[in-house]
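Number of protein chains: 4
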Amino acid sequence: MKDCVTAAVIGLGRIGRTHAEILVSRVGSVRVKYAADAFLNEEMKKWAKELGIKGVTDDPEICLQDPEVDAVYICTSTDTHSEYITRAAKAGKHIFSEKPLDSDLVRLSGALREAEKAGVKFQTGFMRRFDRNHSKAKALIQSGKVGRGQMIRLSCRDTVQSPYEYLKVSGGIFFDMMIHDFDMVRFLTDSEAEEIYAAGGVFTDERLNDIPDVDTAAAFVRMKNGMLAVIDNGRQCWYGHDQRSEIFCTEGTVQVMNEHEDTVVVKKGDGIYAPKPPDFFIERYYEAYVAENQSFVDSILFDRPAAVTAADGVEPIRMAKAAQLSLEQNRPVKLSEITEYRIV
Amino acid sequence: MKDCVTAAVIGLGRIGRTHAEILVSRVGSVRVKYAADAFLNEEMKKWAKELGIKGVTDDPEICLQDPEVDAVYICTSTDTHSEYITRAAKAGKHIFSEKPLDSDLVRLSGALREAEKAGVKFQTGFMRRFDRNHSKAKALIQSGKVGRGQMIRLSCRDTVQSPYEYLKVSGGIFFDMMIHDFDMVRFLTDSEAEEIYAAGGVFTDERLNDIPDVDTAAAFVRMKNGMLAVIDNGRQCWYGHDQRSEIFCTEGTVQVMNEHEDTVVVKKGDGIYAPKPPDFFIERYYEAYVAENQSFVDSILFDRPAAVTAADGVEPIRMAKAAQLSLEQNRPVKLSEITEYRIV
Amino acid sequence: MKDCVTAAVIGLGRIGRTHAEILVSRVGSVRVKYAADAFLNEEMKKWAKELGIKGVTDDPEICLQDPEVDAVYICTSTDTHSEYITRAAKAGKHIFSEKPLDSDLVRLSGALREAEKAGVKFQTGFMRRFDRNHSKAKALIQSGKVGRGQMIRLSCRDTVQSPYEYLKVSGGIFFDMMIHDFDMVRFLTDSEAEEIYAAGGVFTDERLNDIPDVDTAAAFVRMKNGMLAVIDNGRQCWYGHDQRSEIFCTEGTVQVMNEHEDTVVVKKGDGIYAPKPPDFFIERYYEAYVAENQSFVDSILFDRPAAVTAADGVEPIRMAKAAQLSLEQNRPVKLSEITEYRIV
Amino acid sequence: MKDCVTAAVIGLGRIGRTHAEILVSRVGSVRVKYAADAFLNEEMKKWAKELGIKGVTDDPEICLQDPEVDAVYICTSTDTHSEYITRAAKAGKHIFSEKPLDSDLVRLSGALREAEKAGVKFQTGFMRRFDRNHSKAKALIQSGKVGRGQMIRLSCRDTVQSPYEYLKVSGGIFFDMMIHDFDMVRFLTDSEAEEIYAAGGVFTDERLNDIPDVDTAAAFVRMKNGMLAVIDNGRQCWYGHDQRSEIFCTEGTVQVMNEHEDTVVVKKGDGIYAPKPPDFFIERYYEAYVAENQSFVDSILFDRPAAVTAADGVEPIRMAKAAQLSLEQNRPVKLSEITEYRIV
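Residue numbers (the UniProt record's numbering), protein chains in the order written: chain V, 1 to 344; chain E, 1 to 344; chain W, 1 to 344; chain L, 1 to 344.
Hints are not guaranteed to be accurate.
Identical copies carry no separate label here, and so any pair may be met within one copy or between two of them.
With a straight-line Cα cutoff of 35 Å, these simulated DSBU-like cross-link-like pairs (lysine-lysine) come out [claimed, not checked]:
(1) K145 <-> K168
(2) K168 <-> K224
(3) K121 <-> K46
(4) K276 <-> K145
(5) K136 <-> K49
(6) K33 <-> K2
(7) K46 <-> K145
(8) K334 <-> K268
(9) K46 <-> K136
Hints listed in this document are in silico derivations from the structure and should not be mistaken for laboratory results.
Note that this is a predicted model, so its numbers are computed, not measured.
Same shape as in the complex, but just chain V (with noise of 0.2 Å):
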């Protein structure tokens, strides 16, 4: 057994350096030897160089050819995700793809055979599900303790809207910000969606209708177990990143309140002032995130399957095309519809 992995991240915005971050300072048995972006630049060039990374480039192609590197992190814009998956593979790379895999699936479907072919590890991005929360919640459904689950409903709600110029290539509402929601509810459930109706509308920034997306959203899911889900999403709410979970069962609810920032209350004359959630998701789930960077390095170093599959990177994509499909025509729509690839 090796003693410790070597890995490269690709794509250094803000995704990109927060896992080498994490796994330069918080995660065991690993070391970070490269830090590519295609369009590299000064700012990049500083950062790598604060945190210790010496491998600075702007060909990606470096990482992969080079036979120390163990596992790659595929952090780049999405469109490039496949073909990125695709090199990997074929260069016997261990991959770590950030989430939403692909929006093309038929791309994406042969980006995976590739990975599977090549017997590496792959995990998605789903870092919700080692939030220390969400993973108590799902032991507890699965203990038996509350019963077998009835209902689920899940909210999320940013602080503020991304940027227009972002959100004009991110695939919309339901492949960027709901795909996180349509994975805890395969999580939650441990079944797959059956059908899913989805609605929703522009609030707060009418420039969405010419992408076209909308700003809050709302998404029905019945699952093949019979549970229901129903999930709410929103661009902007100001006060905090504010996602929260309950689980509705045949003998208790489980709630997953809100992370905050403290524990200070300030009582005044105009108020009493709780605390808030952080306003960034980065900050509310950094530790799932080291957590979910010392699974990955685990499953290589223990040979052990990655926790969160290719499969659960498909799915929640089918359920964000099955989404839309229901927004555009108003009518529910069985995930059989969608045809273009699936694994499950």
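Using the hints provided, position chains E, W and L relative to the given structure of chain V.
Just chains E, W and L now, kept in the frame of chain V:
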């Protein structure tokens, strides 16, 4: 102006007695002259005597013919509401009718026309509008302090399921239970429903399949002003009457949390026990019932419009019908499809 | 057995009116025949008329001489309580007296002996014992479920300071405010105070130095059963009547949190606003006052001992005297040093 | 300026290991060259090896003589702190010493004079100052937004009592446990203690009478700026490390609530289970330890004053001595009576 309203309560089940007790002990400027029930029994007689109501009768007509009686409370079974509304209107009595007014909209339309013709006050028993929390929430929304409404989430779960015999004649979860949420949606959005999609399932009591009914239901409501509402209901949750509301607006979110039996937290080695919500909705909304009754009495004394109108009683029934149709046909149903009767 | 108690309320200030209103509207089997105040004014007359009390008088003796009157509520200023207790006892009336009974223990001892000699019911107005939270806390402790008591923490802060003119004659913070906490300590520990150490200071109103009084005070109480109690009081906290209690026991801790005006949480960019406690103690303890009055009326109807005895009224006064002495001399003071009068 | 601090940790008990682990994995610009313990055992060796610390020794002098070592962490038993402070100072090493510095103030005074003479950085290990909640509370108070401080309430209870053998040499509850609260009182009030009155008792472990020590204690502190502080401590509360603080000011109250293990609420028929605080103070304050260590390392790198000074280490010991004396003599004790050594 009269200085006291004379009332008769018709129908001495749980809710009729609650109204009578509240009128006797908590509402000013009203006296209860009659407590009537067509199926009067010894227990009802005993209860009325203890409460100090002199006129106990199994013939509601006696109340209607007594010129001293100003107002009647119709608390009989749902399928008799229209008949009593008609008879009370013809007798010139002000009318408070429990919800749902009637599941037969054609029959109801005739009754409400009589009430309108008679020029009497008519109030529908949607007490949740008088709850201190929901009325504060509405005031906040109307104040503009949280911006424009985007989405509403309503959750309601009974502690334990009502008796099967009761559910058999209840008209189903949308008429019996979610009708309060349909009312809340209209109340909190100041808009009318455009379209509804509903889903549901049987999780805890297989017998419901024979009615047929469901024990767990969810509904999406698209309002004419563009707002979305997501409602979920459950017949049984064990830990108290769980009713929470949330209104997500462009500049803030208003959350109505549960009321609790007390404020005592017990911390022990085996867990930290937080206060529970009250078990029964009557207990939960007791003060709302008081305010509802005071409002009705005051509307008569001061000749003001009733706070919850006939239209407020009819529209949620139409929404329940749309939800029922949606559940049966698994498609979004427009309110315009419910054509039997509409006021708005 | 009588089926109704006839009561007279003497002293029509805020607390006297509260009792009268509760007796009229919320308590069963009682009627208020008289509302008396030696300094009767037009406003009082108007108030009594609206409440439907016929016997309005500036001569309390009229109530005491009326053989129909079973019970009197003594809600006059503290320094007249003993006199009215004596007169009521001699007239054979059951007595409910507001707290503190009297700051002059010698005078009080004479009055209470008269009440005892007369064999009438005597109840001291410590309403906090009837609060749903504190009575639940006591039941929990007595149940043994949290083990044996170790320490009690009590906190009480008024929203805004009472008027200076009132404070000048209030007897000081220990007599006027902390007396409720002294009562709670006895109630929750089922033990008597052995020794008290008190501290305090003037932080918000320099004029209090002239009385002299303090606006912020803390006291340590060592109980005969070994338990410790820590009490803090403040005259002004701005954000609502803040009263919390905590009982730390060998197998768990019982916390009594604040009651709140509502359950509405408002989340905005500038903060998350939680519900406030009610501003006034009467609002906070309204239901406790109702229960207290029902208990007193029932003790008469069913000839049961009063729930809060004369001794329960006297001991907190002795504790207040010990605390006052401790503050003046900056030393722990034994209750045995307070020799004027003791019942326990 | 150096770009990395070389540290040695002396004393490899629970707290020493925690510091070492944090320095290795969470603090930037520092390396741990030595882990030393005069009573080095196999388990410590294994632990150090896994952590990647090369210099494992049973002779602390080796660390002190190595010119590469910039700073030492003194995590040995309390009675040896002064000796190691002296030796480290003479060797010219920067010093981080765990609390309490020493119960023998005369001995400590000599050691601290050496440190001062040597001109090295000296930081006392009061990590609670670096807790996100307490530092926010302090900032709020200093901002003036809540007015002027009146009273502080601090509560601290361990989940389970430390082993008896440990308690026998701990110096008693005031030195071992309440010392953190004494530190907090100074930190939050920006003032010094004038007088202390303390009380306590044995409730859960009779053996403590033989030490003698108490398992439950309370203390009143009167500060030079007039503020009052009320502290309570308990050795055992079962439901997690319960540490709450409250600062009551003239224009508002700041409450520091507990941190919790997660945000999961479970609602069942037998109760509503809220999240628990972590069981151990190290878990509770882990991020505070990280910040404390980063602060110490940065003070060396950037030649800034240490954030928690020698005086900050000495004064709480004097307060503990005053509290101990107060408990023994049952009287308020002035800090001026503790004459062995004072810095402030």
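Against the structure, the hints come out as follows:
no.: 1; hint: K145 <-> K168; verdict: between (44 Å within a copy, 31 Å between copies)
no.: 2; hint: K168 <-> K224; verdict: both (33 Å within a copy, 28 Å between copies)
no.: 3; hint: K121 <-> K46; verdict: both (31 Å within a copy, 31 Å between copies)
no.: 4; hint: K276 <-> K145; verdict: both (31 Å within a copy, 18 Å between copies)
no.: 5; hint: K136 <-> K49; verdict: between (38 Å within a copy, 32 Å between copies)
no.: 6; hint: K33 <-> K2; verdict: both (16 Å within a copy, 25 Å between copies)
no.: 7; hint: K46 <-> K145; verdict: neither (51 Å within a copy, 39 Å between copies)
no.: 8; hint: K334 <-> K268; verdict: between (52 Å within a copy, 34 Å between copies)
no.: 9; hint: K46 <-> K136; verdict: between (39 Å within a copy, 32 Å between copies)
Checked against the numbered hints above, the structure breaks only hint 7 and satisfies the rest.
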